[in-house]
Amino acid sequence: MIRIEHLVKSFGPLEVLKDISTEVGSGEVVAIIGPSGSGKSTLLRCINLLEIPTAGHIFVDGVDITSSKCDILKVRQNVGMVFQHFNLFPHKTVMGNLTYAPMKVRGLSKADASEIALDLLTKVGLSEKADQYPSRLSGGQKQRVAIARALAMQPDVMLFDEPTSALDPEMVKEVLDVMKGLVKTGITMAIVTHEMGFAREVADRVLFLDGGYLVEDAPPDVFFSAPKSDRAQQFLEKVL
Amino acid sequence: MNLDFGQIIPSLPFILNGIVVTLKFTLLSALFGFTLGTLLSLLKISSIKPLRWFAEFYTSIFRGTPLILQLALVYFATPQLIGYKISPIEAGVLTFALNSAAYSSETIRAGIMAVDKGQREASMSLGVPYRPMMLDIILPQAFKNILPALVNESIALLKDSALVSTIGVLDLMRRAQVVAGQTFLYFEPLIIVGVIYYVMVMGLTQAAQVLERRMRRSD
Ligand SMILES: Nc1ncnc2c1ncn2[C@@H]1O[C@H](COP(=O)(O)OP(=O)(O)OP(=O)(O)O)[C@@H](O)[C@H]1O
Ligand SMILES: [Mg+2]
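Protein chains in written order, with this note's numbering: chain A, 1 to 240; chain B, 1001 to 1219.
Read the hints as simulated data drawn from the structure, not as lab findings.
Predicted model, so just to flag it, every value in this text is computed and none were measured.
No incorrect hints appear here.
What follows is a list of derived Cβ distance ranges for each label pair: (1) A/18 to B/1118: 22 to 30 Å; (2) B/1061 to A/5: 49 to 57 Å; (3) A/226 to B/1051: 54 to 62 Å; (4) B/1140 to A/73: 15 to 23 Å; (5) B/1064 to A/37: 41 to 49 Å; (6) B/1050 to A/226: 54 to 62 Å; (7) A/233 to B/1147: 50 to 58 Å; (8) A/180 to B/1204: 53 to 61 Å; (9) B/1057 to A/54: 28 to 36 Å.
Capping the alpha-carbon separation at 30 Å, the derived lysine-lysine pairs in DSSO-like fashion look like this: (10) B/1117 to A/92; (11) A/74 to B/1049; (12) B/1117 to A/18; (13) A/92 to B/1144; (14) A/110 to B/1117; (15) A/74 to B/1117; (16) A/92 to A/74; (17) A/69 to B/1049; (18) A/129 to B/1117; (19) A/104 to B/1117; (20) B/1117 to A/123.
Every residue gets a Cβ at the ideal spot worked out from N, C-alpha and C, and that includes glycine.
Based on the provided sequences and hints, a complete structural model is requested.
Structure below.
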């Protein structure tokens, strides 16, 4: 589903991702972990071209998205993203947030878009909030709406960048539960997270980044019980 | 001091009709000015350098020269340059719109920059193209932030609109002068239009405050 080959990303002189190669199969869930500044967000943002890779190739569904012939907008329609700070549209209702892109970008009718939206809102447990504005929602509710908004575009891949880091502790679970439900649907997911328990439970593989290098790429039970590198060991000692 | 408002009364309807002219003029100038200002602000934040340079240069020209000079240039030089006999009201609206675009583009640019960059990223991540992203997501939020500043700009336009009397537009100011010329009374017509300007400006200010308070309550 996603194949990354020798990906390099630099910001000016600063090389943030260094020769990263990996693959995420269809329906696979990978957790991306690592210390602050290790390049996790940047890696994720390269997959939907919010950052343009400096070198290397990324294939999504067999299409080389780093090729100049590639339609960036088409790629993004197919790759949903959930942000740490939700980024809901404050001037649109919950319903408006969910129907905007499907109508504008996919060209769905209002009725069709609303039907999909309501179905998704029910799935994330927020159908009664359809007509509210985001400012009236709690953090956990906002993030569930943000997940539903990304899903409304019916993407094949979902990217999550620390979806629970900005939440009060009591709201983390409701968001993780929604994500767990999503895993069962078989959608391909890449999740940057500091929730090690969650990563261990839902991920098929863990990618450990450090200093821009992909240091480890292993199943969670292997990674968490017997990390190969010193850096990963030190990291796990600190966070576990 | 001998004031004689009585002599002015027959001219009162003539003066009052100037309100419509002045308001219409201000409204048109603001409308075109803010539209053009929005386009300029987009050039200013564009990643293409020559577009940025053009917008900055444009702004510096209109901010660096007197408005009354710009007005005279447009009105008197247009027929000479392109052979089009421009009417005073056209020249006025054109000049004021061009000038107001220069000023408002700065305000609008600041308003756009103040919108959380997450809004842009969320739109992009949904595959929304640049135009609808700007029109539907970024600009509505930017304008909400800068509404008070744009109202102030409109008030400035309203007051400055008196300048078009110099090229013969029959606005409030010009009508006061016409009446003065006919009656040889200066103080009375001028004070009447002065009061009218004041009332209009205060009305706009009040309306802006009510609007601002209502918007503050909504978030
Ligand atoms: N737009 C940018 N311009 C310049 N440098 C950047 C930019 N974005 C990220 N960086 C730098 O790239 C490095 C990796 O950043 P990134 O946000 O990918 O790290 P991260 O692993 O997500 O960290 P965190 O856990 O703090 O979110 C950091 O040193 C950061 O300062
Ligand atoms: Mg990050």
